[in-house]
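First to last, the protein sequences are chains A and B.
So the first sequence is numbered by the working numbering: it starts at 680 and just counts up by one.
So the second sequence is numbered by the working numbering: it starts at 15 and just counts up by one.
Among the clues, some could well be false.
[Unchecked claim] Which residues of chain B face chain A? A partial, calculated answer using Cβ under 10 Å:
id, residue
1, V111
2, L114
3, A121
4, L163
5, S172
6, H183
[As the list claims (entries may be wrong)] Chain A stretches covered by chain B per the calculated footprint, using a threshold of three residues with CB under 8 Å from any CB of chain B:
id, segment
7, 1036-1050
8, 1290-1304
Simulated from the structure, these hints should not be mistaken for laboratory data.
Just so you know, even glycine gets a beta-carbon here, dropped at the ideal spot from N, CA and C.
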Amino acid sequence: MTRQPTRRAVPNRWAVVGVGAVAAVVFAVAAIVIAPAGAAEPAVTHVTGSRATFVHRVPLFDSENGAVAPDKDPCMPFSYRTSCTKCHDYDQVRQGWHFNATDPEVDPGRPGQPWFWCDAKTGTVLPLSYRTWPNVWQPDQVGMSPWTFCLNFGHHLPGGGPGEKTDVKDPGARWLVAGKLGINCGACHSGSPAYDPIEWYLQIARQNFMWAAAACTDLASVTGAAASMPASYDPFMGPDDERQAKAAPAVIYDASRFNAKGEVFFDLPAQPPDMRCYFCHSLTEVGPDSPEPWATDADVHLVSGLTCSDCHRNGLDHRITRNYEGEPLGKEHPALASLTCRGCHLGEQSAACGPDTMGGRLGAPVPEHVGLPTIHLERLACTTCHAGLYPRQTTRRIQTSRAHLIEFQGPHRDPDALPRVVEPVFVRCKEDGTIGPRRMVWPAFWCRIEKSPEAHVAEKVTPLGPDTVYDMAKDAFDKEIKAKGESEGAAETNDRTGLTAERILAVLAMLKEKDEKKGEFAYVCAGKLYRAGAAGALAAADHAAAWPAAWPIGHNVRPAAQSLGTGECTDCHGFDAPIAFGEVEVPSPATIGQGVTMAMYEFQDRDPLELKAWAMSYLFRPMFKVVGFATAGVIAAILLLYLFMGLAALLRWAGTKAPPGPA
Amino acid sequence: MSLFQILSILGIGGCVGVALLHYVLIARRQPHPGHGERRVRRYNLWERLIHVVLAVTFLVLAVTGFWASIGWDGPMSGYNLMIHTTCGAVFAVCVAVSLLTWAADHALARHDSRWLARGGGFSTRGDLPAGRFSACDKIYFWLAGLLTLAALLSMLLSMITLLGTDGQHLMYHVHRYSTLVLVILTLWHGYATSVAKRGGVGAILSGRVSRSWARRYHPLWGGGRGEPQQAGTQPD
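Bound-form chain A, shown alone (with noise of 0.2 Å):
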C-alpha cells in the first residue's frame, strides 16, 4: 500500500501577511491603551471635606514601590513619593509653592528670601533662587547644578524641586548613588515630636538623598553614608563586600512599629504644626545690642493662638498662600484677597466674594487708626507700621534658618557670620508706589565682565562661584600680603577674609593670567562693583549686579501698641525718624567698602530737603491746632450769632402776619 502523499494545506502568503498586520495592530493598541495603565497607578485625589484629622496607618513603600517591611534584605528607605500617592497624588503635590521653584512656567510673584551661596575664604555671598526675582542669580548662572544645589541649600530644602532634577547634566553629580531628593512630606506635616529634622541635615551631609526623609522619623534609623561610596554602587543591589557593607548607607526600622498588617501609624496632621515652619522660617537678631531670643516675642498672630496654616493654606497642589496684596494666585482665588493683612483685618471690597471678604475674618479686630489720616493706609504697607524690628537709627543684623542655619550650634553662628542680613530697610516698591520693610543683603562675588550685547547694559557681568574663584586663584587667595603702610612681614588681618585691596588686585590679576580669553574680571562688595584701575588701583563704579538682594518683610508682627505711630506723628515724621533718615548698613566681606552706610530715604525716591521741611512743620503744628480751632471757634460764633438775628428777625416778621384782632 502506497501512502499517496497527503498534500500538505499551505497558507495563502497574503493569509498569513493579514493574520500577521491585525495581530500586529492588536498588540500596538494593546500595548498603547494597557500599558500605561499597568505602568502607573491611576492617580487619587484624596480630600474628605472633614475636618477631622484622618488616621494615617498605612503600608510603606521603597522608591520603587516595593513594599517595605523590617526584615526585607536588602531593606530600602520608605519613600513618601510611593506610600502617600496611594491616596494623596504626588504630581499635584509637586505643584506647590515649596517644590515648584525650578519650574520656569510659575509666576515667581513678589521676591522672597534667596538663598545665599557664601564663602569667607573668597569674600563670596552670592544671592541664588531658580526664581526670577530682582538682583538674584539663578543657580545655573553661576555654574551651580541641581546636585550641587542639593548639597548645599538642602539642609533646609523640603525635597523635591532641584531635589528631583536628576536629568540636568553634571558630571559630578551622584544620585544613582545617593537617590532622588524626593519630597519629604514630614517635613512640614509631622506631628510627631520624635520627628527630628536635624537628621535630615546630616543626611543631606552624607549624601543620603533617597534616606534622609526616613532618617528623620523615629520610625528608622540610618547609618552610613552614601558620599563614602563608590560612583558604581547600587543602593538597590546592595554591598559588593564587607568592607562597602560597613560603610554603605542602611535603614533599620523599629520593627513594633508595624502591625499585624504591615502597617505603620504616621502622626500627619492635614495642618503643619507651626513648630515645623519655623524650622526653616525662623530668624533671630544677632549683633551687640540684640536680645537674648528669650526676651523676644513671637508674631502676634501666633502668640494669639493662630497657626501658620490658618492664613498661610493651600490645597491638595500645596499652592501655599503668601497672602500678600497682588498675589499671582489671587487671580485664581479672588476670595484670597481676605487672607491679606488689610482683607483680613480692614475687609476686601473690591473682592465680592461673600462674607470671608468683609473683614474681621478669623476673628481678626478691625482696626480703628485714629488719628492716622487715610494717606497712609495707601502710601504705605501695614507691615510698615507692624511688621520686622522696631526701627532704629540704624538697621540691625539678622540671622535665618534658611541662610546661617541658625537651629545648629557651631561656628557659623558668628553674629558677623555670610550672608549680612540686615533690616528694616524701607523700600518704595516700583510696582504699586508704596513704601514697605525690607530684609536686604548686599552681595559679594567675583565676576567675569562682558560687553554686554544689549545696547541699554554698559556691561555684562558674569559671576563666578567661590570653588571656581578659589581653583583659579589659589595662591593669590593664600599668600600672605602686606597691607599698604604696614611694616615688613605683618599681615594684614583686618578682615575675616583678609580681602584687602592689594589682595583683591592680586586675585584680579591672577584671575585675568589664569583665563583662557584673557578676560576681564571685578570683584563686587558694598554696593560697588570693583575692578583694576589704570593706575594700579582699585577703581570703583555703580553697577546694577552690585544692588542687594531685598525681600518684603511679612513678620514677625508686633502688637498694635508696639506700632509705629503710637508715640507721636514724629515717630516717622520727625527730623530724625528711622522710617526716612535711619542709616541702612552697607556691609561688606571685605576690608574695602567697611563702614558704609546709606540713608534710607535713598530707597524711597524722596527729598531730604523735603522730609526735613515736613518734619519742621510739625514744630509748629500744636501751634496750628489751636489757632485752627480757635479761628473755627470764631467763625461758628459769628455764623451761629446771625443765625440766630435772622431767625429772631423771622419770628418778629411772623409775629406782624399775626391777625391785629379786635381794635
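Add chain B to chain A, keeping to what the hints say.
Relative to the frame of chain A, chain B by itself:
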C-alpha cells in the same frame, strides 16, 4: 475717573460755562456805568488787604488742592501739601477776620428778597435793590463762611486722635466736597463782582468806585442798614 473728579470737572466747568453764557448774553450788553466821575470810597485799606489776602490764599489752595484731586485723584503730599496747609491756616484766619469785618454789612435785609425775585444778576433791568452788598454777595458770604468752617474743621479733626479710619474718610470727603462747592461759588463770585459788574476789579484794588457805578449796582448803599438811601452820598 472717580466721582469727585467727575463732579469737580462738571462743577467748575459748568460754572465757567454759565459765566461765559451770562457774559455773552447779559453782562456784555449792559451799559457801562461810567468812570472818570467823582469817585466814592467803597472799601477801606483794611478791607482791601483782607480781600487780597483771601483771594491769593484761596487761589493757592484751589490750585494745590485741585491739582492733586483732578490731576491724579490722590491725596496731596510733599511740598504741595506743605504749601496747601500753610495757606489754609492763613485763609481760615482771614475768613474769620472778614466775617468780623463784614458780617453786619451782609445781614440779609428785606430788599434782598426783591433783588432775588427780580432775577438778581440775570436781570437786564438796572433797578435791582441792593445795599452795600447785593443779595448774591450776602448769600455767598454766609455760604463761604459755612463751607470754610466745614473745610477747616474736617482737617483739624483728622489731625487729632479722635476719629478712626471711617471718620477720617468722612472728614476727607467733607473737606473735598465742601471746598469743591466753595471753589464753584467763589468762581461765580469772582465773575459776578468783577467781570459782570464792570468796574468791580478796580473797586477792590483802589477801593473806590464811580457814583454812577454805585447808583447802578448798589442803589440803596449809603443809607442805614437795609434803609434805602440814594447811593453816592457817602462822604469821601
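Evaluation of the provided hints:
1. Of the supplied interface hints, the one on B/V111 holds, with its beta-carbon coming within about 9 Å of a beta-carbon of chain A, less than 10 Å.
2. For B/L114, the shortest C-beta to C-beta distance to chain A is roughly 7 Å, which falls under 10 Å, so the interface hint holds.
3. Because the beta carbon of B/A121 sits about 6 Å from the nearest beta carbon in chain A, less than 10 Å, this interface hint is met.
4. With 10 Å as the threshold, the beta carbon of B/L163 comes within range of chain A, its nearest partner Cβ sitting at about 5 Å, so the hint holds.
5. The beta carbon of B/S172 comes within 6 Å of a beta carbon in chain A, closer than 10 Å, and the hint placing it at the interface holds.
6. For B/H183, the interface hint holds, the least distance from its beta-carbon to any beta-carbon of chain A being 6 Å, beneath 10 Å.
7. A stretch counts as covered by a chain when three or more of its residues have a beta carbon under 8 Å from one of that chain; for the segment 1036-1050 of chain A and chain B the count is 5, and the coverage holds.
8. Restraint check on the segment 1290-1304 of chain A versus chain B: 6 residues with Cβ-Cβ distances below 8 Å, three needed, restraint holds.
When held up to the earlier numbered hints, the structure conflicts with none and fits them all.
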